[in-house]
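Protein chains: 2
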Amino acid sequence: MTLLNIQPNSMKAKLSLFVFASFLSSGLCMAQDKAPVDDWKSASSNQPGKEYPKVNSEGRVKFRIVAPEAKSVGCTFRDSSEFTKGEDGAWYGHTRPLDEGFHYYAIKIDGAEVPDPSSMMFFGAMRWGSAVEVPAHDQDFYALKNVPHGQLREIFFYSKSTDTSRRAFVYTPPGYDQNPQQRYPVLYLQHGWGENEYGWGVQGRTAWIMDNLIAENKSKPFIIVMTYGMTNDTRPGGLRNFDIKPFETVLVDELIPYVDANFRTIADQPHRAMAGLSMGGMETKMITLKNLNKFSHIGLFSGGSISMEDVDKTPGFKEKVKMVFVSYGSRELGGDRPNRGGDPKANTEALKAAGINSHFYVSQNTAHEWQSWRRSLREIAPLLFKD
Amino acid sequence: MTLLNIQPNSMKAKLSLFVFASFLSSGLCMAQDKAPVDDWKSASSNQPGKEYPKVNSEGRVKFRIVAPEAKSVGCTFRDSSEFTKGEDGAWYGHTRPLDEGFHYYAIKIDGAEVPDPSSMMFFGAMRWGSAVEVPAHDQDFYALKNVPHGQLREIFFYSKSTDTSRRAFVYTPPGYDQNPQQRYPVLYLQHGWGENEYGWGVQGRTAWIMDNLIAENKSKPFIIVMTYGMTNDTRPGGLRNFDIKPFETVLVDELIPYVDANFRTIADQPHRAMAGLSMGGMETKMITLKNLNKFSHIGLFSGGSISMEDVDKTPGFKEKVKMVFVSYGSRELGGDRPNRGGDPKANTEALKAAGINSHFYVSQNTAHEWQSWRRSLREIAPLLFKD
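Keeping their order, the protein sequence lines are chains A and B. Counted the way our numbering counts, the first sequence spans residues 689 to 1075. Counted the way our numbering counts, the second sequence spans residues 689 to 1075.
These are computed hints drawn from the structure, not numbers from a lab. The beta-carbon is built from N, C-alpha and C at its ideal position, and this holds for glycine as well.
Pairs of lysine-lysine, DSBU-like flavour, derived with a Cα cap of 30 Å:
id: 1; chain 1: B; residue 1: K796; chain 2: A; residue 2: K729
id: 2; chain 1: A; residue 1: K759; chain 2: B; residue 2: K796
id: 3; chain 1: B; residue 1: K848; chain 2: A; residue 2: K908
id: 4; chain 1: A; residue 1: K722; chain 2: A; residue 2: K759
id: 5; chain 1: B; residue 1: K738; chain 2: A; residue 2: K796
id: 6; chain 1: A; residue 1: K908; chain 2: A; residue 2: K982
id: 7; chain 1: B; residue 1: K933; chain 2: A; residue 2: K738
id: 8; chain 1: A; residue 1: K796; chain 2: B; residue 2: K759
id: 9; chain 1: B; residue 1: K738; chain 2: A; residue 2: K738
id: 10; chain 1: B; residue 1: K729; chain 2: A; residue 2: K796
id: 11; chain 1: A; residue 1: K906; chain 2: B; residue 2: K848
Where chain A lies over chain B, by a calculated footprint (3+ residues, C-beta under 8 Å):
id: 12; region: 732-738
id: 13; region: 745-755
id: 14; region: 814-828
id: 15; region: 833-843
Please construct the entire structure, taking both the sequences and the accompanying hints into account.
Now the structure itself:
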C-alpha cells in the first residue's frame, strides 16, 4: 500500500487513514489450527533474567503472565490463542506466526491494556510499552559485534520557535574522535507516527547497523541525526491537516545550524541527506522538496514515493537531487491496496528513465514494521554520499 | 542506617539485608486519615500526553487505571488509599505523602504487578517499570535549562574477561568537542543494587546536574563514566558472598584503558575518581581501596563510610587519597538502625582529625532514594579535582 498523497508545493498533506489501521499489523492472518512447534527460546527483547516471552521457530510468541486473581488475560496480537492458567498458576498464551523482526504489543488483564513486565520498553503507538524481537534470518546485520563502534550521543539544542530545549540523538561513526581533522556528511533520519526520537536508536538499531556496514567497508562513515518529528500532536483525522511548518522550522532553521556548529560536518547541500519511515517519509518528502538548497539525498521508507509530477513541480529537482531511495515491505505492496501517491516502483522507474539516480527496495516478507526499516537503512547507507 | 560492613582487604562484603527491605521505602509511614489536598498536577514523569499520575502539594500521588473488568486495583506504595472506580469507569487511588523526588512503583491489577502504562519507564528493583517524580523545593538544580549542554554518549567496549561488548554511558562536558586540545579528569559513577548503567543518566539526571553546575561555575568540567556494576546476578542472601573481582576486572583492566584511549582524559591517579550509591558505594570502597594507584577521590552515597580502621589497613591511604565524600539521606540515619560500618559522620570526623580531606553530607528529609543521590552528585562535584 501507499500511505500518502502529498502535494509537495502545499503545506498540507492528505494522508490516508490506512496509516492507523496498519500501524500494528504485521504478517499473515492465520487461524490457530495446529499446535505450535515446541522449540521455544527466550526473546532477546526480554528484560534481564526474564524467561518469557519466548519465540519458536515458526515465529510465534508465547507469553507468561502472573495475574492470580484475573478473570481473563490476553495480548494485542490478533489471532492469538486463548490465554489459560498453567499448573504454576500463571497465564500462558501464544500468537500466530509473526514476521521476522520487531513487533510492538501490550498485555490485557481484565480489560486493562498494560506493558508486559517481562519485556523491555520501546516508544511506539504513542506509548512506552512492550515489544518482542522475532529472530530473523538476516539478524546478523543489526547485531552487536566486536567491531569498532561509533557513539550514540544524546544532545539538547535550544529551539527558538518552540522555546524549548529539544532532544536529539546523534550517531557519530567509529573514528570520529580519533580523526579530529576529518569532516563528515550528515543524514537526518525520521521515525514514524506514534514514535519519537528514540525509535531509530533503540528498535531501529541504527548504531549497530552502521558500525557493521562501516566495518565491512559497505558504507562511508557519516553522521546520523535523529530528533522528534512532532508527529504525535494530531490524532486520527487530524493528520489530514498535518502542518509540516513547525517541524520544518525546528529541523531546517534550528537543528541543522546547531549540528553544523557542534559536529564536524561537511555543511553543504551535497553532503546532507534526509530519510524517514512512514509519516517520517512524508515529512522527508515535504521538507526536502521545499529545501533542495539544503538536501541532496532523499529516502522514503514505507512512506510514499516521488513521481515525475513531483519532479516537474519542483524547480531544480534534476540538478539538485543526487539520489532518491524508496522502499517498502513486500506485504505492503500489491493486492487491492490503494497507491494514492502512485505505484512506488513505477515512480522509481520513471525517475530512472528521466536520468535521476533512483532506487527501489522491497523488504521480503515484512510489512509496515521495523524489520522493513532496518533493512532500508542497510540498503540506503551504501548509496549515500557517493562522489 | 548504614548498609554495609566491608572488609576492604577481603574480596567479600558482609552486606546487611537492610538494603533489600529499604530499597523501595521512602518517607514517613502515615495513615490515610484525612482527605488529600485537591491541587493535583500531572507528574513530570508521565508519558507524553498522559494526565495521570498526578501529584499534589502534600507529595501524594494519584493514579488513574483503566481496568474495566478488574476486581481490584492498587499500587506498590505502602499505606496507599483503596483504589475505587470513578464515574468514568476507571480506577482511582492515591498514596500517602511521599518524599520529594523520584520513586519507583508498580500497579497491581487482580494480583498482577505491572508497569503503569501512563508512566515513563526506568530500570530499578531489577526491572524496567514505573516511577513518579514528586516536585522538590530544590528541583531547579536537576532541571533541563537553556545552558550549554554536554553530551551523554552510549558506547560499547569489548571486555575480554567476560567476552562481551559492554554498554557504558559517558558524559562529556560542554565544550568537549570545541576544545580539542583540552583534557579532562574522569569520575566513574556507579548505580545501586537492582539498577543498571541507565540509572545515573536517566533518573539520576547526571547530565543536567553537571551542565547546570558548570554553567554556574560551581564545578570544573570533567568526564563521567557509568557502566553496569554487575550487581544483579546475585539475589538476596547471595549478596553476602558478592565477589567484587569480576566487576573490578571489567572496570579497572578494561573500561578505564578504553576510556583513556578513546576520550581526552587526564589519564593519571590524581585525575580519576570513583563514586557510587548504595551497593555501588560498597563497590567503590572495595575497588578504590585496592587500587589507590588508580583512584584519588572516593564518593560513597548511602553506601557505607571509611573508618580509621580502613585507613590503617590500607597502605598509602593518607598519601594517595585526595578526598573522601560520604553522604546519606537524613531518614537513613539515627534511630535504632544499625551502623555496621561505623557511624558515617563520626568516621568522617575521625578522618578529618587525621588530616584527610573528608566531607559528610546529609540530604534533608530524604531516604534511600534518588533525591538523596542527585543531591550527593551536586555536592561532590565541586569537591572533585581541585588542584
